[in-house]
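Undergrad: Residues per chain are reported as follows:
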Amino acid sequence: MQSPLLSVDDLHVAAGGVDVVHGVSFDLAPGEAIGLVGESGSGKTLTCRAILGVPPPGVTVSGGAIRLAGEDVSRYSRRQWDRVRGPRVAAVFQDPASYLNPSLTVGRQLDEVLRVKNGLDRRAARTRAVELLASMGLHRPEHVHDQYPYELSGGMLQRVLIAIAVSGDPDLLVADEPTTALDVTVQAEVLDLIAALRAERRLSLLLVSHDLAVVAQLCDRVVVLRHGRVVESGPTRRVLDDPADPYTRQLVADHREYGLDRLVTR
Amino acid sequence: MRALRLAVRLRPAKLALAVLGLVVVLMAVGDTIAPYDPLHQDTTAILAGPSAEHWLGTDYVGRDVLSRLLAGSRLSVVAAAEAVGLGLLLGVLPGLASVYFGRVFEWLSLRVMDGLMALPFIIFAIAVAALLGNGLHQAMFAVGVLLAPTFYRVTRAAAIGLRQAQYVEAGTLFGATRWRIVRTHVWQKVLPTVVVTTATAMAGALLVVSSLTFLGIGVQPPAPTWGGMLASDLGYLTQRPFGPVAPALLIIVTVAALNALADAIRDATGDGAPASAAPLHEEVPDAISAAVRR
Amino acid sequence: MTAAPAAALQADGVEVWLGRRAKSRILHGVGLTARSGEIVGLIGETGSGKTTLARAIVGLAPLHAGTVRVDGTPVDGLRGAALRRFRRSGRVQYVFQDPLRSLDPDVTVLDSVVEGLAIRGDGKAADRRARAVAALEQVGLDPALGDRLPGRLSGGQRQRVAIARALAVDPRVLLLDEPVSALDAANRNHVLRVLDRLRHEREVAIVMISHDLGSLAGIADRVVVLYRGEVVEEGPAARVLLEPEHPYTQRLVTSVPSIDGPRRPLITEGVHV
Numbered sequence: 001m002q003s004p005l006l007s008v009d010d011l012h013v014a015a016g017g018v019d020v021v022h023g024v025s026f027d028l029a030p031g032e033a034i035g036l037v038g039e040s041g042s043g044k045t046l047t048c049r050a051i052l053g054v055p056p057p058g059v060t061v062s063g064g065a066i067r068l069a070g071e072d073v074s075r076y077s078r079r080q081w082d083r084v085r086g087p088r089v090a091a092v093f094q095d096p097a098s099y100l101n102p103s104l105t106v107g108r109q110l111d112e113v114l115r116v117k118n119g120l121d122r123r124a125a126r127t128r129a130v131e132l133l134a135s136m137g138l139h140r141p142e143h144v145h146d147q148y149p150y151e152l153s154g155g156m157l158q159r160v161l162i163a164i165a166v167s168g169d170p171d172l173l174v175a176d177e178p179t180t181a182l183d184v185t186v187q188a189e190v191l192d193l194i195a196a197l198r199a200e201r202r203l204s205l206l207l208v209s210h211d212l213a214v215v216a217q218l219c220d221r222v223v224v225l226r227h228g229r230v231v232e233s234g235p236t237r238r239v240l241d242d243p244a245d246p247y248t249r250q251l252v253a254d255h256r257e258y259g260l261d262r263l264v265t266r
Numbered sequence: 001m002r003a004l005r006l007a008v009r010l011r012p013a014k015l016a017l018a019v020l021g022l023v024v025v026l027m028a029v030g031d032t033i034a035p036y037d038p039l040h041q042d043t044t045a046i047l048a049g050p051s052a053e054h055w056l057g058t059d060y061v062g063r064d065v066l067s068r069l070l071a072g073s074r075l076s077v078v079a080a081a082e083a084v085g086l087g088l089l090l091g092v093l094p095g096l097a098s099v100y101f102g103r104v105f106e107w108l109s110l111r112v113m114d115g116l117m118a119l120p121f122i123i124f125a126i127a128v129a130a131l132l133g134n135g136l137h138q139a140m141f142a143v144g145v146l147l148a149p150t151f152y153r154v155t156r157a158a159a160i161g162l163r164q165a166q167y168v169e170a171g172t173l174f175g176a177t178r179w180r181i182v183r184t185h186v187w188q189k190v191l192p193t194v195v196v197t198t199a200t201a202m203a204g205a206l207l208v209v210s211s212l213t214f215l216g217i218g219v220q221p222p223a224p225t226w227g228g229m230l231a232s233d234l235g236y237l238t239q240r241p242f243g244p245v246a247p248a249l250l251i252i253v254t255v256a257a258l259n260a261l262a263d264a265i266r267d268a269t270g271d272g273a274p275a276s277a278a279p280l281h282e283e284v285p286d287a288i289s290a291a292v293r294r
Numbered sequence: 001m002t003a004a005p006a007a008a009l010q011a012d013g014v015e016v017w018l019g020r021r022a023k024s025r026i027l028h029g030v031g032l033t034a035r036s037g038e039i040v041g042l043i044g045e046t047g048s049g050k051t052t053l054a055r056a057i058v059g060l061a062p063l064h065a066g067t068v069r070v071d072g073t074p075v076d077g078l079r080g081a082a083l084r085r086f087r088r089s090g091r092v093q094y095v096f097q098d099p100l101r102s103l104d105p106d107v108t109v110l111d112s113v114v115e116g117l118a119i120r121g122d123g124k125a126a127d128r129r130a131r132a133v134a135a136l137e138q139v140g141l142d143p144a145l146g147d148r149l150p151g152r153l154s155g156g157q158r159q160r161v162a163i164a165r166a167l168a169v170d171p172r173v174l175l176l177d178e179p180v181s182a183l184d185a186a187n188r189n190h191v192l193r194v195l196d197r198l199r200h201e202r203e204v205a206i207v208m209i210s211h212d213l214g215s216l217a218g219i220a221d222r223v224v225v226l227y228r229g230e231v232v233e234e235g236p237a238a239r240v241l242l243e244p245e246h247p248y249t250q251r252l253v254t255s256v257p258s259i260d261g262p263r264r265p266l267i268t269e270g271v272h273v
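Chains as they are written, first to last, in our numbering: chain A, 1 to 266; chain B, 1 to 294; chain C, 1 to 273.
One chain only, chain A, in its complex shape:
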């Protein structure tokens, strides 16, 4: 096996001095997609925030290491993170609207990232931005470029956020519940987009979700968290079809209790 792109080793995260993530470990190989699943309060979001170096206020990494391409980033300074974010790691979250400035056009915000991170001049940044928006499957990208966030739907905003995320050509994309707030049809489109980007760009993916079906769409492997501990991890099909841990079995059973498949069998 080649050396992992991301290696989380015995990660402890404390909120207000009390450990809430107790020794989470997993490796993510280049080009691989891992799903981090668990119910609310399982620590999946805190783990993901710690990996991105943006823990919520009052939350700190209290032990263990997070190695990105071999370098421990868990105690990086702000300045060090600035170097890593963009070319190495980028992220998208559940509510794209809150990550965009409502008083600037989305294009201007994408241009700015391209100019700061990729050193493009104003004109080149705009050209590149429109290209990126087009490759996100957005119709009339020049038009979208000049629109304000409130003029776009949730699905379009999430595409813009993904465009911003991949603009620095990162090795790893961290997606925290990227489709939870979207309609089913839009969710499907965004999942397709992420799958296509992975194939095109050899992008590694860390997907955080409470929805096992979403994880089943994109991920090679699954890590199941409960109360801040890994209860099971392994290839997606093996974990979902033949879960070894009773908790995972319960999660899968809960998920399967209601679903379109029931109609077929009844």
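Don't read these hints as lab results, they were simulated from the structure. Every value quoted in this text rests on a predicted model; they were computed, and no experiment measured them. Don't take each hint at face value.
[To be verified] As a list, the in silico SDA-like pairs of lysine to any residue whose alpha-carbon atoms are at most 25 angstroms apart:
hint	chain 1	residue 1	chain 2	residue 2
1	C	Lys23	A	Glu151
2	C	Lys23	A	Arg75
3	C	Lys124	C	Thr108
4	A	Lys117	A	Arg75
5	C	Lys23	A	Lys117
Dock chains B and C against chain A, hints included.
TA: What follows is chains B and C alone, placed relative to chain A:
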């Protein structure tokens, strides 16, 4: 309500409340503990400095300054409270009503308040004094009326955000009357804002009583008030340069305490959202659904 | 026509306009029927008008045209005191999408559940509390949580409080706006079981707005598909979800992710949202 309770626990708020408590005690017993009759003129000691007999000296007709300060505390504070109370009544109720009781009232009340805000303060006070007679209550009536728009505006601003709140809609769907909605859902969200404004307005009113007295409107000599003493002492600055210090200090300390209290409440209320509205970071493990699963 | 008992809820030809022009139309000639003991799923994307329909039915959005009947009696014309009297009967209850916003953050859970009964003026205070406690138990919540503020509950618990508040007044018709979309599987199952029990034990007519087709497949008898303010398809849940006829419904059904692995990628031509 939670915000208010939270605020009172802050250190500056405790200090401010202690000072205000002292002022209230002065109001209650000020004239009985005064060493001299505040109106008694001791012609042998005019504009005297501090001494064993007169701790804070005497004024331009030989009255004991300490006694006048003590005796004047009730009149000064009661006058300010009178004005603020009237402002509250004329501001808060229409402010709430303008949000919840229809467009007609909303429009009318807004225009009335605009009109009041356009009135020049001193001229209005003089007109009221001319019309209703020159006395403390008439002056405070004028001040209270002019304070109303402030209360109206802040109450309305705080309440208008709640007009579309879903828990207000939910109450409406249960068939609640507007009055009930205001009582159960709106009032306690608006209260901290109103209390902050009251404290600030109280401070302002104390100063206004002083400046009106300075102009000869309101309290009539020889009755003592803090503002009145400050005004008369200023006239004798050359003979008794430290004269205005004692009444000024009293006014400043009381006003500062009121402002500190207002600040503390504002801090505890945060950016206007009740502290309880913030969701938890880590959600409580759901014991029931765990039990159901077993 | 007169022989059949009137549906618990019947809305016909509902039109909702945002402004004065037909261009601002949000709902166009929408009909929705729910019988006692029936669960009707209302499906549609963001902006399709499904929330507006529910709000129009309970009188939170003004009807431009159309009627809403509850047990055969028109209720859309009620105003003022008559409207309040009808609302106090508690016959139609609406559960908002986000309980964090529909529960007053400064009012304890129990007091929120008591509110409907208190407004109606039912019985003594102790009596109302007992009924509120019973409603909390009915949705599987520990009554000990009643002293908490909504901010101190998990998302699943809050959603159940919102449902308990509606149940406390003993409704005939229950409209729920996305009651499970924000919940994880265990909590979702719990809420769905509560609804299923209500329909059987208390014969409540339930309208459930959802874009979670899996949940609807599990409990809905019929589904109505709303697209751009119009009903484009309706019928028995199994028929609509297994053999959808309208292109939008077809697209919707093929979009549902499955735990059993990747679906075929969507063909992005055609309907674009």
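Undergrad: Are the hints correct? Go through all of them and say.
TA: Hints versus structure:
| no. | hint | verdict |
| --- | --- | --- |
| 1 | C:Lys23 with A:Glu151 | 18 angstroms, holds |
| 2 | C:Lys23 with A:Arg75 | 56 angstroms, violated |
| 3 | C:Lys124 with C:Thr108 | 19 angstroms, holds |
| 4 | A:Lys117 with A:Arg75 | 22 angstroms, holds |
| 5 | C:Lys23 with A:Lys117 | 44 angstroms, violated |
In terms of the numbered hints stated before, the structure departs from hints 2, 5, listed from lowest to highest.
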